[in-house]
Amino acid sequence: MTALLQVEGLVTEYSGREGRLRAVDGVDFSLARGEVLGLVGESGSGKSVTGLSIMGLVDAPGRVAGGSVKFDGRELVGLAEEDLRRLRGKRIAMIFQDPMMTLNPVLSIETQMLETVLAHDAVPRAEARRRAIEALGLVGIASPEERLRQYPHQFSGGMRQRVVIAIALLHRPDVIIADEPTTALDVTVQGQILYEMQRLVRETGAALLWITHDLAVVAGLADRVAVMYAGRIVEQGSAAEVLDAPLHPYTRGLLDSVPAANAAGGRLRQIPGMTPSLAHLPPGCAFRERCGHADGACSSVPEITLRAARQVRCHHPL
Amino acid sequence: MPVYVLRRLAQTLLVLFVTSALVFGGLYLVGDPVEILVNPQADQEERARTAAALGLDRPALEQYGIFLKGAFTGDLGKSFVFGRPALQVILERMPATLELAFLAMLMSLGLGIPLGLYAGLRPHGFAARTIMAGSILGFSLPTFWVGLLLIMVFAVQLGWLPSTGRGPTTELLGLQISILTWEGLRYALLPALNLALFKLSLIIRLTRAQVREQSLLDYMRFARAKGLPRRRVIGVHLLKNILIPLITVIGLELGSVIAFAVVTETIFAWPGMGKLVIDSIFQLDRPVVVAYLLVTVFMFILINLLVDLLYSLLDPRVRISEAKG
Chain A
0 MTALLQVEGL
10 VTEYSGREGR
20 LRAVDGVDFS
30 LARGEVLGLV
40 GESGSGKSVT
50 GLSIMGLVDA
60 PGRVAGGSVK
70 FDGRELVGLA
80 EEDLRRLRGK
90 RIAMIFQDPM
100 MTLNPVLSIE
110 TQMLETVLAH
120 DAVPRAEARR
130 RAIEALGLVG
140 IASPEERLRQ
150 YPHQFSGGMR
160 QRVVIAIALL
170 HRPDVIIADE
180 PTTALDVTVQ
190 GQILYEMQRL
200 VRETGAALLW
210 ITHDLAVVAG
220 LADRVAVMYA
230 GRIVEQGSAA
240 EVLDAPLHPY
250 TRGLLDSVPA
260 ANAAGGRLRQ
270 IPGMTPSLAH
280 LPPGCAFRER
290 CGHADGACSS
300 VPEITLRAAR
310 QVRCHHPL
Chain B
0 MPVYVLRRLA
10 QTLLVLFVTS
20 ALVFGGLYLV
30 GDPVEILVNP
40 QADQEERART
50 AAALGLDRPA
60 LEQYGIFLKG
70 AFTGDLGKSF
80 VFGRPALQVI
90 LERMPATLEL
100 AFLAMLMSLG
110 LGIPLGLYAG
120 LRPHGFAART
130 IMAGSILGFS
140 LPTFWVGLLL
150 IMVFAVQLGW
160 LPSTGRGPTT
170 ELLGLQISIL
180 TWEGLRYALL
190 PALNLALFKL
200 SLIIRLTRAQ
210 VREQSLLDYM
220 RFARAKGLPR
230 RRVIGVHLLK
240 NILIPLITVI
250 GLELGSVIAF
260 AVVTETIFAW
270 PGMGKLVIDS
280 IFQLDRPVVV
290 AYLLVTVFMF
300 ILINLLVDLL
310 YSLLDPRVRI
320 SEAKG
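Going line by line, the protein sequences match chains A and B. Going letter by letter, the first sequence gives residues 0 to 317 in numbering that gives the first Met the number 0. Going letter by letter, the second sequence gives residues 0 to 324 in numbering that gives the first Met the number 0.
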C-alpha cells in the first residue's frame, strides 16, 4: 500500500512573548488511499495544528518550521501559495469543529457552495448548481434545491455540519481532514454524522484524517490510531491493538478516563496533573510528571521504538 | 416592511415636535430679537411696530401656537432677518452643505476602508503602523487647526487650490451643485478633506479592528480551506461581514457631518447651512434656527432609517427577525 499522504518530522512553531513554542514537534505518520486514521489527543496536544500544517493554513505568528508533507508524491511544505490553493478544497478538504462558526453567516448556502466549485473548475453556473444539489443530497439533506437558497442561521447544528461536509465532498477529494467535526454536536446528531462520514468515505474512496479527543469515536471509525501528547506522537498502531492493549502509559490513562470503562458509581479515574503548557515542558519525556512509571531514564526524550506494526515513544512501554 | 417604515415615520413626528418646543423655548429665553433688528436709535413706537410686525408682541405660548399651526401646513415662519420663509432660506443653502458632506464621506470611505483593510491584514508591517499613527493624529488634531494648516499649505504656499468660497455651480434636478465641474470641485476639495479627516481616522481604526477580529474566525479559515482565491476570501467573505458594523457608524457620522460642518464652513467661508445657522443664532433669527434644527433632526432620523433598511439587505439574520416582528 503506497502512502497518499506522508508526513515526516513535521515541526510547527509559534513565536510569541515566551519565545518559540513547538506546537508540533517532529510528527510522522502516513495515510493510505481510503484509510481512516484517528489522531487522538487532549486540547493543546497539537493535533489541530497538525491538520492546519498539512493544509498550509497555519497563520502568523505560527509557521511550519521543518519536516515534510508529501501528498501523492508532491512536497507541500514550501509549495507556492497558488499551488496550495489549487489543492485545497479540490484534492484535500478540511472540516472544522464548530459548524456554527464555519459557514459565513451573511452568504447563502448557494453562494458558499458554488464559489467552491468555481474556484477549481471552470464550469457554467448551472453545472456548479447541479453539483451543489447533488452534494447536498449525498449528505442526506432533504429538498436540497430549496435549502440551497437559505442562509446558515436557518439550519440546525447537525444540518450545518452536513452542509460543511457536502462542501468538502464537492470535488471528491482524495483526503479529508476532519478536525473534531462532531464535538460541537448533540450526541444523537454525532452518531448520525459519524455514520454518514463512514458511509461517504467508503463510497468516495477518500482517505480520512479524523482529529479528535474522543476515543469512543475513534474506536468505531478508524483503521489506525495515532496518539498525540505535547506536540509528539507517542503511540501509533492499528485501532484494535492500540485501544485494546495500549503500550504508552498516556494512552492507558486516556482509555481509563472514559466513563464507560469505569464501574458505575465508582470514582472516575483520571490522569493526574494537567496538560503541560508548551512554554513549560519538562525536559525529556513530556509525560513523565504525570506518569506512574517514570524514573531517571525519562529525563531524556524517548525514541520511537517499533513493535511489529506498532510504534511507541516510551522508555517503559506497558 | 411598509408598516415598519410607517411606524418609524410616526415616531419622527413626535421627535420633531419635542425638538421644536425645546428650541423655541430656549431661544425665547435667550433674548429679544427686536433689540438686534431695529436701529439702536429707534424710539419706542418704532420698536413696538417691528415687534408687532414679527408677531413678537404676543405671549410666548401664543407665538408657539401660531408656529405649530403654520408648521402643520409646512410653513415654519418667516426669517426676521431675510424677510423670507425660513425653510426656503435653509433649503437654498442645503445643497452646498450636502455636497460637501457627500464629498467628505466619499473621501473617508474611499481611503478609510482600503487603508483599514491593509492595516488589519498586515498589522505588524511598517506601513500599517504608519497608517495607525496617522489615524491617531486625524482623531486628535482640532478641525479648525487642520483647516488653517490645509489653507496654508495648499492654498497659500503651493497655490494649488482656492482657499475660500464655493465654485461655479451647475443645475442638477433643480439643485445648484458645484462639484460636478473640475473648477467647482477645486473649491470643494480642501473643505471636504478637512471635514473628512476625523471620519477617515474613525473608519480606518474601525475597519482594522474588525479585520483583526473577523480574520480569526473559523469561517475565514474554512473559506481558505475551500481553496478560494485570496481576493475572494477578503473581498467577499471578510468585507461583507465587516460592512455591517461599519454601516452603523457611517450612518451616524453622515448625520453629524451634515449637521456640524459649522467649523469647516466657517473657516473656508463655504456658504452652507452651518454658516447660516451660526449667523442666525447671533442675530436671534428664531424661525431660521428652529427650521434648521427641525431639518437636521429630520435628516438624522431619515439616515438612521436608511441604515436600518440597509442592514436587512446586508445581514440575512436581520431580515428574518424583522419579518417576525
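It is worth saying that the hints were derived from the structure and are not from the lab. Check before you lean on any hint, since a few could be wrong.
[Claimed, not checked] Stretch-level coverage of chain B by chain A, calculated; a stretch enters the list once three of its residues show a Cβ under 8 Å from a Cβ in chain A: (1) 8–17; (2) 124–130.
[Claimed, not checked] When the alpha-carbon atoms are kept at most 20 Å apart in a straight line, the in silico SDA-like pairs for lysine to any residue are as follows: (3) B:Lys77 x B:Leu97; (4) B:Lys239 x A:Ile132; (5) A:Lys89 x B:Pro228; (6) B:Lys77 x B:Ala50; (7) B:Lys68 x A:Leu113; (8) B:Lys77 x A:Ile132; (9) B:Lys239 x B:Thr265; (10) B:Lys77 x A:Pro104; (11) B:Lys68 x B:Val22; (12) B:Lys68 x B:Ser19; (13) B:Lys239 x B:Gly250; (14) A:Lys89 x A:Gly77; (15) B:Lys239 x A:Gly77; (16) B:Lys77 x B:Tyr27; (17) A:Lys89 x B:Gly250; (18) A:Lys89 x B:Arg231; (19) A:Lys89 x A:Ser155; (20) B:Lys68 x B:Ala47; (21) B:Lys77 x A:Leu113; (22) B:Lys77 x B:Met93; (23) B:Lys68 x A:Arg266; (24) B:Lys239 x A:Arg171; (25) A:Lys89 x A:His152.
Quantities reported herein were computed from a predicted structural model and do not represent experimental measurements. Here a beta-carbon is modelled for each residue, glycine too, at the ideal position from N, C-alpha and C.
How the hints compare with the structure:
| no. | hint | verdict |
| --- | --- | --- |
| 1 | 8–17 | violated (count 0) |
| 2 | 124–130 | violated (count 0) |
| 3 | B:Lys77 x B:Leu97 | violated (23 Å) |
| 4 | B:Lys239 x A:Ile132 | violated (25 Å) |
| 5 | A:Lys89 x B:Pro228 | holds (13 Å) |
| 6 | B:Lys77 x B:Ala50 | holds (14 Å) |
| 7 | B:Lys68 x A:Leu113 | violated (60 Å) |
| 8 | B:Lys77 x A:Ile132 | violated (67 Å) |
| 9 | B:Lys239 x B:Thr265 | violated (38 Å) |
| 10 | B:Lys77 x A:Pro104 | violated (53 Å) |
| 11 | B:Lys68 x B:Val22 | holds (16 Å) |
| 12 | B:Lys68 x B:Ser19 | holds (12 Å) |
| 13 | B:Lys239 x B:Gly250 | holds (17 Å) |
| 14 | A:Lys89 x A:Gly77 | holds (19 Å) |
| 15 | B:Lys239 x A:Gly77 | violated (31 Å) |
| 16 | B:Lys77 x B:Tyr27 | holds (16 Å) |
| 17 | A:Lys89 x B:Gly250 | violated (41 Å) |
| 18 | A:Lys89 x B:Arg231 | holds (17 Å) |
| 19 | A:Lys89 x A:Ser155 | violated (26 Å) |
| 20 | B:Lys68 x B:Ala47 | violated (24 Å) |
| 21 | B:Lys77 x A:Leu113 | violated (61 Å) |
| 22 | B:Lys77 x B:Met93 | holds (17 Å) |
| 23 | B:Lys68 x A:Arg266 | violated (82 Å) |
| 24 | B:Lys239 x A:Arg171 | violated (29 Å) |
| 25 | A:Lys89 x A:His152 | violated (26 Å) |
In summary, the structure is inconsistent with hints 1, 2, 3, 4, 7, 8, 9, 10, 15, 17, 19, 20, 21, 23, 24 and 25 from the numbered list given earlier, while agreeing with the others.
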